[in-house]
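Chemist: Turn these sequences into a full structure, and let the hints steer you where they fit.
Letter by letter, the chains look like this.
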Amino acid sequence: MAQEKFLYFQEALSGGSSDAVGADDVALYSLSSFLGFDTQAGNTNGTTLNLRFKPMKRSALVTSPGGVGEETDVVVLTVTAGKQKSVIQSITDKINEPISRDGGFIVIADVAGSEFVNSNVTGATVTLRAATA
Amino acid sequence: MKTLYFMAAADGAFNSSTTTAPDSVCYPLSAFKGLTAKDTNECYIYFDSAQAAGTDEANDTSGTDLITFTISTADNHKNVARSFAQEVNKFIGKDNGFVVILDSSTSEKFDDDVDLSSSFTILTDNPA
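Protein chains in written order, with my numbering: chain A, 1 to 133; chain B, 134 to 261.
Simulated from the structure, these hints should not be mistaken for laboratory data. Cβ coordinates follow ideal geometry from the N, Cα and C atoms, glycine included. One or more of the hints may lead you astray.
[Stated by the list, open to error] Stretch-level coverage of chain A by chain B, calculated; a stretch enters the list once three of its residues show a Cβ under 8 Å from a Cβ in chain B:
| id | stretch |
| --- | --- |
| 1 | 14-25 |
| 2 | 44-57 |
| 3 | 104-114 |
[Said to hold, decoys possible] Within a straight-line C-alpha distance of at most 16 Å, the following computed EDC-like cross-link-like pairs (lysine to aspartate or glutamate) qualify:
| id | chain 1 | residue 1 | chain 2 | residue 2 |
| --- | --- | --- | --- | --- |
| 4 | B | Lys223 | A | Asp102 |
| 5 | A | Lys83 | A | Asp38 |
| 6 | A | Lys54 | B | Asp244 |
| 7 | A | Lys94 | A | Glu4 |
| 8 | B | Lys223 | B | Asp244 |
| 9 | B | Lys223 | A | Glu4 |
Modeler: What follows is the structure in C-alpha cells.
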C-alpha cells in the first residue's frame, strides 16, 4: 500500500456551547476501511444514506456481539429524498479521481464548513463505536 | 509499503521503561484505523494494536493503539486531517516509504499547526 485515499467527515459542532469541535465530531478513514453504503433504518422520508466503516476504536478481536449494524462505525448522510443513487455516484467519482488532484483527501461531508461531495447532501452524523460492545 | 513514524520523547532516546508506553512507534499504513477529534484542540489517531489483543477499556481502546496530539488553532481538525493525508501520499521516491508523522526529538511534524510542546502521547494496548 503505497498510497491511500482518505475520506473526511465533520458533523455539526458539539463542543463548548456548540461553537467548537467536540469529541468524535470529526472522522477521517482510509478507503480500505470503507465497508459500503446502505439505507438500513433510514427515516421514513427516504432522506438518509449510511456509509459504514471498520470501527476505529474497536478491533476485530472484540468478541462481544452487538445488534445488527452495531459492529461498524457509521456516518449517516442527510440527503435530498430519492437522491441516494446520485450521492453514491458522486462519492465513487471522487474516490476514483487521480490522487494527484486531491492529495488523497476527500471531503464527503463537512457540516460545520458547509462543504459536501454532492449538492444533495445537507447533513451528516458520525457514530464511532465504543471500544467494547 | 508506507510506514508511519512517531517519537514522543524529546530526548529521542528510545529508552522508556517496560511498564510504560514506548517512546516511539512505527506502523504500516495498513494499520491506520482513523483520525478523530478529542476536543477543540486535540486529535486522536487510532491504529491496529502492534502488540496484542489487549482490552484497555478504560482508555476506550481495545486491540487498538492510540496517538493523541495537540493542535494550536482551535477547530482546525479539517486542515490537519488534510495534511495527514497529503503527507502519507507523498511520492514514495521522496522518502522510500518512511513517513515521519510526529517526532518530538527533531521537531518534525506533518502540519505546522501541531504543537509538539503540548500533549503528544503514545498509548499502546498491552497484552492482556
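Chemist: Tell me the hint numbers this structure goes against, listed in increasing order.
Modeler: Hint 6 is the one this structure does not satisfy, whereas the remaining hints hold.
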